[in-house]
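**Q** Sequence:
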Amino acid sequence: MPTCENCGSFVTAEYVRVFAPNGMDSPRVCPNCEDKVRDGADVREARATRH
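Counting along the sequence shown from 1, when you hit position 43 you're at 43 in full-length UniProt numbering, and nothing is skipped either side.
Keep in mind the hints are simulated off the structure, nothing from the lab.
Everything numeric in this text was worked out from a predicted model, so none of it was measured.
Just so it is clear, CB atoms sit at the ideal spot from N, CA and C, and this is done for glycine as well.
It is possible that some hints are incorrect.
Label pairs and their calculated CB-CB ranges [what the hints assert, rightly or not]:
{"no.": "1", "residue 1": "Ala48", "residue 2": "Gly23", "range": "26 to 36 angstroms"}
{"no.": "2", "residue 1": "Asp35", "residue 2": "Tyr15", "range": "12 to 22 angstroms"}
{"no.": "3", "residue 1": "Ser9", "residue 2": "Glu45", "range": "10 to 20 angstroms"}
{"no.": "4", "residue 1": "Asp35", "residue 2": "Phe10", "range": "15 to 25 angstroms"}
{"no.": "5", "residue 1": "Thr3", "residue 2": "Val37", "range": "10 to 20 angstroms"}
{"no.": "6", "residue 1": "Gly8", "residue 2": "Glu45", "range": "14 to 24 angstroms"}
{"no.": "7", "residue 1": "Asp42", "residue 2": "Tyr15", "range": "13 to 23 angstroms"}
Work out the full structure, taking the sequences as your base and the hints as a guide.
**A** Laid out in C-alpha cells, this is it:
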C-alpha cells in the first residue's frame, strides 16, 4: 500500500503513477500535506497552510 513520504497518508497506486517521479514507489507530497507543495518537478515549503 503506497503512502506519502512527507505525511504518511495513504495514496492510491494511480496517484503514485501520475505524481511520483519515475522509479519511485511513493510520492514525496500528497494533497493531504499542509506544509509542502509540488512546484513543477520540485517540492517546496507551502507559503500558506491549506485547509
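**Q** Just pull the numbers of the violated hints for me, sorted ascending.
**A** Checked against the structure, no hint fails, so every one of them is satisfied.
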